[in-house]
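Asks: The residues making up each chain are set out below.
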Amino acid sequence: MPRGQFHYTQSCGGCHGLLGVSARDEVPVLRDRVGAFLCTREGRDYVVRLPNVAFARMDDATLAEALNFMMFGLGGSSVPPPSRATARPFTAHEIHGLRMRPLKASDLPGLRGAALAGSSADCLAGVGG
Amino acid sequence: MSDGRSDGVGEKIVRQIARRSSRRGFLSRFAGLLVAAPVIPLLPVARAGAATRPASPAAKPRGPLTDFERNAQTSDPNSCDYWRHCAIDGIICGCCGGGPHTCPPGAEPSPTSWVGTCLNPDDGRSYLIAYRDCCGKTGCVATGENCFCNSQDRELPVYRPQTNNDIIWCFGNASMEYHCSTAAVVGLAG
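If you read the protein sequences in the order shown, they are chains B and E.
Taken in order, the first sequence gives residues 1 to 129; the numbers are from the working numbering.
Taken in order, the second sequence gives residues 1001 to 1190; the numbers are from the working numbering.
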């Protein structure tokens, strides 16, 4: 099992599902959806600043590997084409800066909408799936 | 001191120096070393070094074994010390009419699980284990003596709830009523 998948499975997959789908009403579905956060810069930032991501028991490089598995391994049809500037893999350096600023608001759906607001509809196709 | 006596002493000293520094003496000691060489790695110090070396270059260094890992067994899956149960908190479904991967009749597997990493002492490798609770039925009354477990490898206090296994992992089910826990291998760690 690749390292990113291992750390995702161990630290995230119990709730989100080993393949990114579990209890739909309680836990956000990742499969074929989570890649939409790569549509905007704000979306990338939002994902890393989510409290359960920012405070995860992983160092920056490990967290980058887990997030990249989540995005590119589970995101499926929701991942924007590589030509899109914001659709690049996360780096430890990027993670380090973002997780220093974890989200403190509780209105996560509102923040999520704002983070994706600047994107085009075709890039966000996966969000509603 | 006569000249003859001093000559004798001088000769003795020179001969000793010659013996210690001659090519023949060096060769004789070097040959002795060659003969002894195969024995040197068998000395206890060398064996101790070999014992602490990783089994293969790919093996990752890891910390000391946990209490659970030191006592784990691989033959009885319906016992708390079975190797897969290093982070289980609850009643083993195998003691309740289910199995390591299956719920007993009338209970429903939760879509969510608690994931642990357990060492299999048979092959020395660590595996990801999903502890999936079976829900929707009153708590199992197990008949076995060693069926109610509370193993804590990798667990953190309940103020870090995502990493605490005291929680009933039945969310996502129609009922939050806990019955028992399964322990499925979901992958090789690393």
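Since the hints were derived computationally from the structure, they do not count as laboratory data.
All values derive from a computational prediction rather than experimental measurement.
Hints are not guaranteed to be accurate.
Output of the computed footprint for chain E on chain B, the stretches with three or more beta carbons under 8 Å from beta carbons of chain E [stated by the list, open to error]:
(1) 38–49
(2) 69–75
(3) 96–102
Cβ-Cβ distance ranges computed for the label pairs, FRET-style [claimed, not checked]:
(4) B/45 to E/1156: 23 to 29 Å
(5) B/2 to E/1150: 29 to 35 Å
(6) B/2 to E/1166: 28 to 34 Å
(7) B/85 to E/1141: 40 to 46 Å
(8) B/118 to E/1099: 47 to 53 Å
(9) E/1074 to B/77: 30 to 36 Å
(10) E/1160 to B/41: 19 to 25 Å
(11) B/118 to E/1063: 43 to 49 Å
(12) E/1073 to B/103: 28 to 34 Å
(13) E/1073 to B/59: 30 to 36 Å
(14) E/1071 to B/86: 48 to 54 Å
(15) E/1073 to B/108: 41 to 47 Å
(16) E/1156 to B/26: 18 to 24 Å
(17) B/88 to E/1157: 36 to 42 Å
Each residue gets a CB set at the ideal place from its N, CA and C atoms; glycine is no exception.
Asks: All hints, please: hold or fail.
Replies: Tested hints:
Proximity of the segment 38–49 of chain B to chain E, defined as three or more residues with a beta carbon under 8 Å from a beta carbon of that chain, is not established by the 0 residues found. Counting residues of the segment 69–75 of chain B whose C-beta lies closer than 8 Å to any C-beta of chain E gives 0; at least three are required, and the coverage claim is violated. Chain E is given as covering the segment 96–102 of chain B, and this is violated because 0 residues of the stretch bring a CB closer than 8 Å to a CB of that chain, at least three being needed. Between residue 45 of chain B and residue 1156 of chain E the C-beta distance comes to about 27 Å, which sits within the given range of 23 to 29 Å.
Roughly 32 Å separates the CB atoms of residue 2 of chain B and residue 1150 of chain E, a value that falls within the hinted 29 to 35 Å. Roughly 31 Å separates the CB atoms of residue 2 of chain B and residue 1166 of chain E, a value that falls within the hinted 28 to 34 Å. A C-beta distance of roughly 60 Å is found between residue 85 of chain B and residue 1141 of chain E, which places it outside the suggested range of 40 to 46 Å. In this structure, residue 118 of chain B and residue 1099 of chain E meet the distance hint of 47 to 53 Å, their C-beta atoms being roughly 51 Å apart.
Take residue 1074 of chain E and residue 77 of chain B: their Cβ atoms lie about 42 Å apart, and the range 30 to 36 Å is violated. Roughly 30 Å separates the CB atoms of residue 1160 of chain E and residue 41 of chain B, a value that falls outside the hinted 19 to 25 Å. Checked against the hint of 43 to 49 Å, the C-beta distance between residue 118 of chain B and residue 1063 of chain E comes to roughly 46 Å, which is consistent with it. Checked against the hint of 28 to 34 Å, the C-beta distance between residue 1073 of chain E and residue 103 of chain B comes to roughly 45 Å, which is inconsistent with it.
A hinted range of 30 to 36 Å holds for the C-beta pair residue 1073 of chain E and residue 59 of chain B, which are about 34 Å apart. The given range of 48 to 54 Å is respected by residue 1071 of chain E and residue 86 of chain B, whose C-beta atoms sit roughly 50 Å from each other. Between residue 1073 of chain E and residue 108 of chain B the beta carbons are some 45 Å apart, a value that agrees with the proposed interval 41 to 47 Å. Between residue 1156 of chain E and residue 26 of chain B the beta carbons are some 21 Å apart, a value that agrees with the proposed interval 18 to 24 Å.
Range check, residue 88 of chain B to residue 1157 of chain E: Cβ separation about 37 Å, and the 36 to 42 Å hint holds.
Of the numbered hints stated above, those contradicted by the structure are hints 1, 2, 3, 7, 9, 10 and 12, listed in ascending order.
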